[in-house]
Structure formats: C-alpha cells, structure tokens
Amino acid sequence: MTRTRHSRRVRSPRRNASFIIGAVIVGLIALTACVSLCYTPYDPIKMAIEDRLQSPSSAHLLGTDQYGRDILSRIMQGTQNSILVGVVAVGIGMSLGVLLGLWAAFSSGWVDEAVMRTMDVIYAFPAILNAILLVAILGPGIINAMIAIGIHNVPIFARLTRGSVLRAREEEYVLAAYSLGRRRWAVAWRHILPNILSSLIVQGTIQFAVAILAEAALSYLGLGTQLPYPSWGRMLREAQTFMRLAPGLAIFPGLAIAFSVLGLNLLGDGLRDLLDPRLRGAV
Amino acid sequence: MRITKWIGSTLFIIGILIGGLTYAQSLGGTLRVAVQGEPLGLNLILTPTAETYQLIMYNVAEPLLRYTAGGELTPLLATSYEIEEIEGGTRYTFYLRSGVTFHNGEPFTAHDVKYTFDSLLDPAIASPNAAPFSFLRGIEILNDLTVRFVAEGKAAPFLGYLASNKGAGIIPAGSDMEALKTHPIGTGPFAFVEWVPGDHLTLVKNSHYWEEGSPYLDEVIVKFIPDQAVSLAALLAGDVDMVDKMVSENALVLESDPRFKVVAGSMNTPQLLAINNARPPFDNVLVRRALCYAIDRNEIIAGTVARPKWGTPIGSHMSPLNPFYVDLVGMYPHDPDRARQLLTQAGYPDGFQTTLYLPQPFEFHIRTGEIIADQLREVGIDCSLQVLEWGQWIERVYSQWDYDLTVIGHDQGVEPAVNFTKPFERVQANGSSGYYFQYSNPFLRELLARGRETFDTAERKTIYAMVQTIIASDAMAVWIQDIPQFEGMRSEVMGYRQLPIYVLDLARLYMSDG
Chain B
63 MTRTRHSRRV
73 RSPRRNASFI
83 IGAVIVGLIA
93 LTACVSLCYT
103 PYDPIKMAIE
113 DRLQSPSSAH
123 LLGTDQYGRD
133 ILSRIMQGTQ
143 NSILVGVVAV
153 GIGMSLGVLL
163 GLWAAFSSGW
173 VDEAVMRTMD
183 VIYAFPAILN
193 AILLVAILGP
203 GIINAMIAIG
213 IHNVPIFARL
223 TRGSVLRARE
233 EEYVLAAYSL
243 GRRRWAVAWR
253 HILPNILSSL
263 IVQGTIQFAV
273 AILAEAALSY
283 LGLGTQLPYP
293 SWGRMLREAQ
303 TFMRLAPGLA
313 IFPGLAIAFS
323 VLGLNLLGDG
333 LRDLLDPRLR
343 GAV
Chain V
2 MRITKWIGST
12 LFIIGILIGG
22 LTYAQSLGGT
32 LRVAVQGEPL
42 GLNLILTPTA
52 ETYQLIMYNV
62 AEPLLRYTAG
72 GELTPLLATS
82 YEIEEIEGGT
92 RYTFYLRSGV
102 TFHNGEPFTA
112 HDVKYTFDSL
122 LDPAIASPNA
132 APFSFLRGIE
142 ILNDLTVRFV
152 AEGKAAPFLG
162 YLASNKGAGI
172 IPAGSDMEAL
182 KTHPIGTGPF
192 AFVEWVPGDH
202 LTLVKNSHYW
212 EEGSPYLDEV
222 IVKFIPDQAV
232 SLAALLAGDV
242 DMVDKMVSEN
252 ALVLESDPRF
262 KVVAGSMNTP
272 QLLAINNARP
282 PFDNVLVRRA
292 LCYAIDRNEI
302 IAGTVARPKW
312 GTPIGSHMSP
322 LNPFYVDLVG
332 MYPHDPDRAR
342 QLLTQAGYPD
352 GFQTTLYLPQ
362 PFEFHIRTGE
372 IIADQLREVG
382 IDCSLQVLEW
392 GQWIERVYSQ
402 WDYDLTVIGH
412 DQGVEPAVNF
422 TKPFERVQAN
432 GSSGYYFQYS
442 NPFLRELLAR
452 GRETFDTAER
462 KTIYAMVQTI
472 IASDAMAVWI
482 QDIPQFEGMR
492 SEVMGYRQLP
502 IYVLDLARLY
512 MSDG
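Top line first, the protein sequences correspond to chains B and V. Under our numbering, the first residue of the first sequence is numbered 63, with each subsequent residue one higher. Under our numbering, the first residue of the second sequence is numbered 2, with each subsequent residue one higher.
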C-alpha cells in the first residue's frame, strides 16, 4: 500500500519536480524562439562598430559583441537555430531509426544482423567525430549539420525500437493480435508502436539536448551555422579571443546552452518517470 | 660626433640615441624575449624558415648592406659601392669595411664574401634561398677588401636583395655548412652561445664588434613559446621581458597595466578585399569603384584591431612601412551614396548577389570579411559569406581563380619590383592575367619592367608611385589596412625599433634598470 501511494505521488505530473522544472525551462526556450521570430530588441545581424564590446546596460541587457551587435538579440535568434537543429536531427534519427529497428526486429536472421551491425558501426564513432566526418563530406552549413547529427541519432532509435519490439513480440497482446490474423506490419503499427512510444519520447528529449550540444560544438568548430547568423556555439567561438576583455560574450551563450540542455534532460527524466510502461504497471 | 656616425638617419632613431645616452650608465642587461616560432636550423644559406632569418640576420650574420627602420639602404659590411653597366650586364663593386672580425676571431675579407655567395649558388648545396641571385654570373676578388659581382642584365633590386635576402649574411670562408646549422658564425653584434631545441636560444654580446659602443645588451635569451596565451602569462609573471608579435587582444590587456608597454608596428602585409577582375559584374570598373566607396576602412579597423590608433588604412598594394608607398586612401572616401550611384550607372540599380570567401584559420581576415559584408549590404550588394579551410582557399581562390571576392593579406618585402612581379606581370599565353586578381594591364607591365632596370632611387619612386596610382584608379582591389603587429614588453625594455623586413633587431635594445 505504502509503495503504491509513494509511486503515485512521484508519477503525478504536478508532483514531479524534474518534470516541472524541465517543462518550464523548455517552455521558456520555445517561447523565446517564438518571440524572436517577430521581435528582438535589436537586429541580431546589423553591426554597430562604435558600440562594440559594451558591458551589460539598460540599452543592451547582456552587452554587445565585437561588432556592437546586441548579445541578447543574438542569443534569442540563436534559440530558433538550436530548436530547429533539435527537431530536424531528432526527426531524422527517430523516423529512420524506428523504421530500421522495426525492420530488423521483424525480419530477424541475416537482415537483422546486417541492419544492427551497420548501426553498431555508426554508433561506434563518437557523436562529434561522426558529425565532423559527415560535414567534411557534405560541406559545412546548418542543413548538413542537422543531417549529420540526425544520422548519428539513427542507431540510438533503431536499437531502442528493436529491443522494445523483441520484448513486446512475446507479449500476450501481440500474440493475440497475430492469432486474430493481423499482418506483421499492422501489428507493429497498431499494437507495438503505441506501446513503445513513451520510451521513444523520453529518448527523443534526451537526443534533443545532445543535438543542441552537437550543433554548438560543430558551429564552434566553424562547421555548423555559417556567418553572419547567430548560433550559440558560434558565439562561443567568437568570444574566445575576447575572454579577458569581455567575459559576457562567452558567459551568456554558454549559459543558454547549459540551461537548455539542463531543461531538456530534466524534462526527459520527468517524462520517463511519468511514461515508462514498466513503471506505469506499478501505479 | 659618434652619434651621427652610428646612424644619423631618422629623428626617431636620434631620439632613441639621446634616450640611450641618458641611460649610458646602465646600458646592458639580459633580455628574455618570447617568440612564437622556432627555427628549423640556424644556417641562413640552408634553412628556409622565417624564424632563422628573424633571429640570425643582422644580429649574428651581417650582409654587405642593410635596411634602416625607415626602409633606406645603408652600408653595413660594405662601406660603399659602385655600379657600372657593361655589355649585356651590370658590374657591382663593393668596398669592404676594414678591421672587422668574425666571432671565431678570423678577420673579415673579400674571400668570405665570395665564399658566401659561391656556397649560396652552389648546385651541390642546393640552397632554398638561391633563386633571387640566379642572375649573378661571377664574383671576383679584386683585393682583400674589394669584391666585384657581375650580373646578367640590369637588376635594380639586387642591392635590396643583398640587404634583406636569406643567405646574404656573410659567413667565414671555409665554413662547414652542416656545422653552421647548429652553430652560426658571423660578424654581427651578438655571438651564438647555445640552442636548446623546443626551449631557448642564447646569444651573447660580441665584445669585439666593429661598431664601438654597440650592442647594448650583454645577453639575449630567446624563448620559444608557440601559444599566445602562454607567452602573455609568461610576460605577466615576469618570466620573459618581451613578447614578439602578439595578438591585439593581448596587447589590450598589457596596455592598461603600467608595468608594461605595447609597441604597435606593421607586419608589412597589406590587407585587401581581392576582386576577381575577370568575372562579371566585377569586370566593370564602375562596380569595382562602387565597392571602394562602399567600404569604410576606419570601421573595419575599429572592429578588427581593437584600437583605431593601432591600425593604418591603406589605398594601394603596399604597406606604409615601405619607402615606396604613396598614400591613396583619399581616392575613395567612404561614400555609400556614391557607391549606389555607380552601381546604378553600371546597370545594377538594385545591387546584385555575390559571395565573399574567407580563409580559415585567419580570424583577422574572417572578421574583416564579416564587416565588409555588412557594409556591402548597406549599398544593396547581397554578399554571402563562405569560410574556406586554408588548403581549400589556396586551391579554389588562389590557384583556380574560382571566386568573386576574398579577404587576404599579402606578405611583402621592401623591394617593389619583387612585390609586384607576381600580381601584375604574370600573364597566360593568351595575354590575360596569370594571377588570382585576374587584372591585366600591358602599360603597367611596361612600367614595371622599367622600374626593374632603373637604379636611381628618385626615379624608381616616381615609377612605383605611378604603378600604385594606376591600380588604385582601376580599383583593382579594395586595399583595407596595413596589418599591425604588436610587441609587448616590460616598461624597462628600451630602444625597440621595427625594421621593414622580418628581422628582430636586437642591437639597439637595452634594459633601463641595467
């Protein structure tokens, strides 16, 4: 009894601290991105050299960069960039990964082996190395960075899907669906996928954070977002030379990256607590 | 009296000497200087690295002539020379300084000069620095202190080569080339003591130096510190007295600290917005002039150099450090309206789309490019930026000429004939330009040929002033600034002066606290 009550308390969204904090941070980031679509305090690209390297003031809340551009406006516009990268990279990873995972799990035999070993090969490379490799082949730019990060996500979702399917395949509801004469893909689509959706969402949230970090790293290396458009990683790179003179240039974009990743990870943790079917069974 | 004998060239140097006399009691001391790059060897004839040249030339090994801080040629191991035209060539006779000895105690004579140039040009030695002297036909010893060079054709730049080229530093006759790699010997103000690769190089005062009272310092320790952040920290911590060639952001840090001072100089590298003169719409001079008017050099300097006083706007393909430079900045003042007018006249009332390629990892050029793109947008030119890795830049822009616009610096020497040969005289079989500027002008080529054969300095200055005016009025490129370099040092370090060549001149430095 006690255990049940305890579990219920933890799994109510309103009582789950990490879910709430994460959701608030992610909500704020999404809101900032939406606002920046139609309003930023200054044009984030227009230079005003005479105002360069100013410290935070009422005119420029977070100060200005080496070209006199407003840092707040640039961070706001950088939010769009980060969200876009997260959505596209997770989208690519999830759609391809789930399809491949399902295919491997249902085919078994050599198809399964071939697909999963290919996934292992991709997964064996560290995320950034993978992305650098792909960007080197495709050429630098934000679109290619998104594709590169997306491809790195594919094996993660493929493994997750395959594992979940293998477990679910022997479940009674699946066997029941088969005995009713459903085809394999219909079973996968109608019965298995909805049951593993929650783990996919949780994983998606975490990969979203990874994608934001990867984009920042790629842009820091000059391979992601191109000049003059703002990206948090690019801003960090540019700030490096001015560290001693204007630390704000590095601190604020750095905080933006740290906050969004923290928010997404908290949200992911919270969602796992709320959605994980294994835990849900205990409620 | 002795002062005028020493140099007697510019007021600047006289000022330093007066300063020097004030401290006459305390001249000397040890200077520890941090440099970024380490030489691959110390033999000026065998080693191609700029770092060898930077440390050994003038300081350890001396040439026959030298450049002053003002860029003028003055005698060094030669006291005077004569130039005569002969059939098919030119004869240069040099009268050598007497009473000069090498660091190993041997006297300096004409035999040493002949041995140096014979070694430099010896195909068996295969010096990487021999090419500029390939027009030499022979070196004769007339007597112990007179030597004669015979050269093919007329080559005015020869004297400049003697004063500034790698390999022109005189070595003792009979020297072993391999031994000089690790233990250089010359007649210079400093003698070599030791080189610990990866750490430091030590030079000590040549107490038998031919110029009395020079040098001031007793000892120089050159430390090799490749990382700018580390050398700055070393200077702040007192581990070194001076940092050679620091970035402007580090210079800003020192500027606000009374224990240190910053001397801003020039890298002798004009920075420019290079234009592909053959590619539309840039084949139209009106469009190129519009670019010139659209660009605000002072804004670029403020955005790249950190302090406006540290940057110098330029208007032609040369650094103001060069005695042949003419100031043409005023030809195109910043005037966006005029730029828009010219674009309309050229048939682009709504501007056009173009791409500016920027070379990675040169942050200085990338930053310049970002500001330029912003300024071009102002006059309606939609300029997208593309950063290329250095190798890709060389391949695509410099070798294949597949570009619209780019920002880069051109590393130069003093001699204009050398600086201008590649950009303006290289032609393809069909007569069009063979250089990435893609600018071709037959009249300019004739003028440059004349410059190369003219010995009279005043006449040469007129010729190269015309050259610079022509390329500027054709708006062949938009010249932006003379890229600055910064020497950071403790405020006790005195007497630093910059030469127009890549040599760290140690002879006049001293520590004011002795």
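Rather than coming from a laboratory, the hints here were simulated on the basis of the structure. It should be emphasised that the depicted structure is a prediction, and the values quoted were computed from it without experimental measurement. Check before you lean on any hint, since a few could be wrong.
What the hints assert, rightly or not - List of simulated lysine to aspartate or glutamate pairs, EDC-like, C-alpha gap at most 16 Å:
no., chain 1, residue 1, chain 2, residue 2
1, V, Lys115, V, Glu73
2, V, Lys262, V, Glu493
3, V, Lys462, V, Glu73
4, B, Lys108, V, Glu379
5, B, Lys108, V, Asp383
6, V, Lys310, B, Glu175
7, V, Lys423, V, Asp405
As the list claims (entries may be wrong) - Quick list of simulated restraints, FRET-style, between CB atoms:
no., chain 1, residue 1, chain 2, residue 2, range
8, B, Phe321, V, Gln37, 33 to 41 Å
9, V, Gly71, B, Glu112, 53 to 61 Å
10, B, Phe321, V, Val264, 52 to 60 Å
11, V, Asp200, B, Ala121, 47 to 55 Å
12, B, Ser120, V, Asp338, 33 to 41 Å
13, B, Leu200, V, Asp338, 39 to 47 Å
14, B, Pro118, V, Gln37, 49 to 57 Å
15, V, Val264, B, Ala121, 34 to 42 Å
All C-beta atoms, glycine included, are put in the ideal place defined by N, C-alpha and C.
Verification of the supplied hints:
1. Lys115(V) with Glu73(V): 25 Å, violated
2. Lys262(V) with Glu493(V): 9 Å, holds
3. Lys462(V) with Glu73(V): Holds, at roughly 12 Å.
4. Lys108(B) with Glu379(V): 10 Å, holds
5. Lys108(B) with Asp383(V): Within the cut-off at roughly 13 Å; holds.
6. Lys310(V) with Glu175(B): Not satisfied, since the Cα-Cα distance of roughly 67 Å exceeds 16 Å.
7. Lys423(V) with Asp405(V): Between Lys423(V) and Asp405(V) the Cα gap is close to 20 Å, so the pair fails against 16 Å, i.e. violated.
8. Phe321(B) with Gln37(V): 33 to 41 Å: 38 Å, holds
9. Gly71(V) with Glu112(B): 53 to 61 Å: Violated, at about 35 Å.
10. Phe321(B) with Val264(V): 52 to 60 Å: 44 Å, violated
11. Asp200(V) with Ala121(B): 47 to 55 Å: 50 Å, holds
12. Ser120(B) with Asp338(V): 33 to 41 Å: Roughly 34 Å apart at Cβ, these two residues keep to the hinted range, so it holds.
13. Leu200(B) with Asp338(V): 39 to 47 Å: Roughly 42 Å apart at Cβ, these two residues keep to the hinted range, so it holds.
14. Pro118(B) with Gln37(V): 49 to 57 Å: 35 Å, violated
15. Val264(V) with Ala121(B): 34 to 42 Å: 35 Å, holds
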